[in-house]
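Here are the chains, one letter per residue:
Number of protein chains: 2
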Amino acid sequence: MITKKQLVKIRRRTLEYFKKVGIILTPDEKEHIEVADFGLGDIKHIGLELLIYVNTERCCAKELVLFPGQTCPEHRHPSVDSEPGKEETFRCRWGEVYLYVPGEKTENYKARLLMDRKRYYTVWHEIILEKGKQYTLEPDTLHWFQAGSKGAVVSEFSSYSRDEFDIFTDPKIKRETKISD
Amino acid sequence: MITKKQLVKIRRRTLEYFKKVGIILTPDEKEHIEVADFGLGDIKHIGLELLIYVNTERCCAKELVLFPGQTCPEHRHPSVDSEPGKEETFRCRWGEVYLYVPGEKTENYKARLLMDRKRYYTVWHEIILEKGKQYTLEPDTLHWFQAGSKGAVVSEFSSYSRDEFDIFTDPKIKRETKISD
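Protein chains in written order, with the numbering used here: chain A, 1 to 181; chain B, 1 to 181.
Please note that the accuracy of each hint is not assured.
In this list, chains with the same sequence are indistinguishable; a pair is considered to hold if it fits within one copy or across any two.
[Unchecked claim] Derived lysine to any residue pairs resembling SDA-like cross-links, with alpha carbons at most 25 Å apart:
1. K131 to L25
2. K30 to K62
3. K62 to P84
4. K131 to S180
5. K110 to Y160
6. K133 to P27
7. K30 to Y135
8. K30 to T136
9. K133 to D28
10. K131 to T169
11. K19 to D170
12. K20 to V80
13. K30 to I128
14. K19 to R76
15. K131 to D28
16. K44 to D163
17. K110 to R162
18. K30 to L142
19. K131 to E16
20. K5 to K131
21. K19 to T89
22. K110 to I24
23. K131 to I52
None of these hints come from the bench; they were simulated from the model.
Excised from the complex, chain A in its bound form:
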């Protein structure tokens, strides 16, 4: 849950990142920046800011912003209606992102997680995405990512995005963010 006031503030901060990178939005788009707190009420640590450019059954493109150290928690995109899960490519535009996928655990990984939630992070093979680097995830692959110390702007290109079907490892997470007065 976030308040309307918080939402305005977070959107404004997100816009500063887009501005830094030279991403131009329409006034209407600025009002539709989505803020995800994943229902945990700790957006400083676990959250994501995003703008959806297009999302149809045949194509999806978004811009993501992560504030310094902010984490998009571990999840996967399952098969829905006999269609394979979402296939997605992350391309880092600015800053640095630490992306974690199944595979050999990386020693001395970069991400920092709060102890009380660390048990809900089960994949630890690290991929470091600096600006200009990208990585494509196969459908239904567990993954999570965290921004470096400056934050990050990431373009996401994918098949049809149906966030409501995402499966999170942390059972407390709810994908939909509630906005209170």
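Here the structure of chain A is known, so what remains is to put chain B in place on it, guided by the hints.
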């Protein structure tokens, strides 16, 4: 047909546009910028520069550059193997693009075409895409576009891209660009 020397020069010029917009490419990507002359040998007027980030059966994303006044000629993306034609969204990142689609002919349209090829342009409903504006084309829709006087950088988000099946109105056009020594 373009020469290897021209290719290097055009790629370098394309990189200047990407740099202006803050789009960062890897060294390998810089070597894979595609230059399309559409087989007409008049790339100043008819041509397109592009970089493909990802192109799978489920998602495609590219960056396009058009030099000042450069035109991507009229074409459509037909159905292939019983799959509907490509669905694509153009989002202008920098500069200005005049996009033409079926519909009422726009009076005082902005594009300028050379007289000898004008008969191969049959749709004249104009959509002006300034930076931050986007437009989604339905599959198999005739369209063409031209950059304004400064040139343009355009992101394209689409379903699977199979350029070799594109159908151009101008019968002289060949989608594949030949590179000579």
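Hint check:
Taking the shortest alpha-carbon separations for K131 and L25, both the intra-copy value of 20 Å and the inter-copy value of 8 Å come in at or below 25 Å. Taking the shortest Cα distances, K30 and K62 sit within 25 Å of each other both inside one copy (13 Å) and across copies (24 Å). For the homomeric pair K62 and P84, the shortest alpha-carbon distances inside one copy (20 Å) and between copies (23 Å) are both at most 25 Å. Taking identical chains as interchangeable, the C-alpha atoms of K131 and S180 are never at most 25 Å apart, the minima being 35 Å within one chain and 34 Å between chains.
In the homo-oligomer, the alpha carbons of K110 and Y160 never lie at most 25 Å apart, since the shortest distance is 31 Å inside one protomer and 35 Å across protomers. For a Cα distance limit of 25 Å, the shortest separation of K133 from P27 across copies, 11 Å, qualifies, whereas the shortest one inside one copy, 29 Å, does not. For a Cα distance limit of 25 Å, the shortest separation of K30 from Y135 across copies, 17 Å, qualifies, whereas the shortest one inside one copy, 27 Å, does not. In this assembly of identical chains, the alpha carbons of K30 and T136 lie at most 25 Å apart only when taken from different copies (19 Å versus 27 Å within one copy).
Within a single copy, K133 and D28 get their C-alpha atoms only as close as 29 Å, which misses the 25 Å cut-off; across copies the closest is 11 Å, which meets it. For the identical chains of this complex, K131 and T169 are neighbours neither inside a copy (28 Å) nor across copies (39 Å), given an alpha-carbon limit of 25 Å. In this homomeric assembly, K19 and D170 never come within 25 Å of each other (Cα to Cα): the closest approach is 33 Å inside a single copy and 41 Å across copies. With identical chains, the CA atoms of K20 and V80 are never at most 25 Å apart, being 37 Å at best within one copy and 41 Å at best between copies.
Taking CA atoms no more than 25 Å apart as the test, K30 paired with I128 passes between copies only; the shortest distance there is 20 Å, against 29 Å inside one copy. For a Cα distance limit of 25 Å, the shortest separation of K19 from R76 qualifies neither inside one copy, at 30 Å, nor across copies, at 34 Å. Taking CA atoms no more than 25 Å apart as the test, K131 paired with D28 passes between copies only; the shortest distance there is 14 Å, against 27 Å inside one copy. Proximity of K44 to D163 under the C-alpha cut-off of 25 Å is restricted to the intra-copy arrangement: shortest distance 21 Å within a copy versus 44 Å between copies.
Taking CA atoms no more than 25 Å apart as the test, K110 paired with R162 passes in neither setting, with 29 Å inside one copy and 39 Å between copies. Taking identical chains as interchangeable, the C-alpha atoms of K30 and L142 are never at most 25 Å apart, the minima being 30 Å within one chain and 31 Å between chains. Within a single copy, K131 and E16 get their C-alpha atoms as close as 17 Å, and across copies as close as 17 Å, so both meet the 25 Å cut-off. In this homomeric assembly, K5 and K131 never come within 25 Å of each other (Cα to Cα): the closest approach is 31 Å inside a single copy and 29 Å across copies.
In the homo-oligomer, the alpha carbons of K19 and T89 lie at most 25 Å apart both inside one protomer (22 Å) and across protomers (22 Å), since each shortest distance falls under that limit. For the homomeric pair K110 and I24, the shortest alpha-carbon distance between copies (23 Å) is at most 25 Å, but the shortest distance inside one copy (31 Å) is not. For the homomeric pair K131 and I52, the shortest alpha-carbon distances inside one copy (20 Å) and between copies (17 Å) are both at most 25 Å.
Of the numbered hints listed earlier, those contradicted by the structure are 4, 5, 10, 11, 12, 14, 17, 18, 20.
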